[in-house]
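A.B. asks: Each chain, written out:
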Amino acid sequence: MKRRVCVVGVGLSDGPVTPDLSAINLEAQSFRRALDDAGLELSDIEGLASAGYGGMHEVQLAEYLGLTPRWLESSSTGGSSFEFHTMHAFRAIEAGDVDTIAIVYGNNQLSASGRTLGTGGGGGGGRGALPLSMGYEFPSGLTLVGAYAMAAQRHMHQFGTTPEQLASISVQTREHAARNPNAMYRDPLTIDDVLSSRLVADPLHKFDCCVISDGGCCIILTTEERARELAHKPVYVRGAAGGTTHHSIQAMADMTRTAAAVSGPKAFAEAGITPADVDMFAMYDSFTYTVLVVLEDLGFAPKGEGGGFVTDGGGNLRLGGALPTNTDGGGLSATHPGMRGLFLLCEATRQLRGEAGDSQVPGAEIAVAHGSGGWLSTQATVVLGTEPVT
Amino acid sequence: MTDAFVAHNGVSWAESPKYLWPRPNNDDREFWEGARRGELRIQRCLSCGKHQHYPRFLCSHCGKGELEWITASGLATIYSFTVVRQNGVPPFSERVPFVVAVVDLDEDGARMIAALPKLDPDAARVGLRVRAEFRPATDDAAFVDFAPAE
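So the protein lines, in turn, are chains A and B.
So my numbering is basically just the index in the first sequence, starting at one, shifted up by 1061.
So my numbering is basically just the index in the second sequence, starting at one, shifted up by 21.
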């Protein structure tokens, strides 16, 4: 008999600019806040997941936090790592291997490294040897932004998607950020502002790109039985799936279709939902195009019609739109400390608890958190709900 | 590795981060050395007949292990491209703006990423026909760039 699994604690560190905190300080701070949020103690945590720092980081982190976990996870799939961690934690708890798991990530990317992530090295690497296909990408002079730009260019060619439609994603996300006091940028943004910002890699402008910030996040999952004893109304994990199509962008067979076209339908089927049931979408908005292509791949819009979906009815990503998206201001305006996947799960949980304040989606019952990693390389979908699958 | 070869705009590869240098390995030494001779060497699968780039131990189309080296025509079509306008790393920081494209070789199944230093950014478009050009990098390797075919 499979056990039901719930998110019972979420914690955000200080942010978005924290020059006095190290990366592991940010992880520890968000972990402590998630424990407090859940009403759990250190000794309750039996499993730990983290990623982003190479070999054995999750082991170092366990030691640093004073944990001796018997379940460890460090799938390293870029920004989607934490949706993969959630999927694997979901399975482990469901199967009875372990009861309570913390997933933790923090990075002082902005304070430690500045804003060089997207243009600081060929393909966004530059931190050492990423071998094999990257050995061809780097010498071409492609940047991380350029890889996404190339995919966006192909979508525009194939489907007539416009720069204005991409810009609208940034504009609508900024509206959400304006309500978040911890967002990096909160001033209103117009389509013209995006299109007149400098081109970083055609067709992507500066304001088509996510911010670089500092920040940490932690979520805690446990069994439904345990969740009922804790502080908050449980948020159920209803379904999860992931996949990959390539590593370097040169190997992406169809730049207009990501592995979300596989992970989405699988996760939705497990969750017993269709796209029309989704009340709120937490999407890894590394770039405006990432949002657009995944909206299509998850079935919120037919393939090629993501641009129209984004702008229809005055903007479907706004509060009151068909699919309020990144209600905390997203990576495009609020928080992006190198990787954002975990923050998506936090915001989705806050919405389902009804704790999102001015950005609350009224009566939200189903939320989707979707991580995208690498260069559109890895995709993972997690469906959360206020009720379990029946 | 010699520093005799100078990249565009006078920035030596020796002044660039090492990850930007060609790194011939067990799979792809033939590719790099072929490029140094002015030949675009790619693999063709003896089982399924498809081609692949970058070179690998197995065919990425069918998984079989019998591969032969062929010299490709050098002709290709732009699948997609971008104009890199910001890159903080030399020599690219001195070279912006420039076009980078993913191109489909005429040989079925093979796709490459490459710089197109001679292509005017305003003239770049999906579907443009391009031809390989070879830019010496070291004594035993050259970069493969592409340029408009006509």
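Hints are computed from structural coordinates only; laboratory data are not their basis.
Given the structure is predicted, the values throughout are model-derived calculations rather than measurements.
Keep in mind that the hints are not guaranteed to be accurate.
Chain B is faced by these chain A residues, among others (derived, beta-carbon under 7 Å) [stated by the list, open to error]:
1) Tyr1114
2) Ala1173
3) Ser1174
4) Ala1210
5) Gln1214
6) Arg1215
7) Leu1256
8) Thr1447
9) Thr1451
Simulated pairs of lysine-lysine, DSS-like, Cα-Cα distance not exceeding 30 Å [claimed, not checked]:
10) Lys85(B) / Lys71(B)
11) Lys1364(A) / Lys85(B)
12) Lys1267(A) / Lys1327(A)
13) Lys1267(A) / Lys139(B)
14) Lys1294(A) / Lys1063(A)
15) Lys1364(A) / Lys1063(A)
No residue lacks a Cβ here, since even glycine has one placed at the ideal position from N, Cα and C.
A.B. asks: Hints numbered earlier in the text: which of these fail when held up against the supplied structure?
C.D. replies: Those not satisfied are hints 1, 2, 3, 7, 8, 9, 11, 12 and 15.
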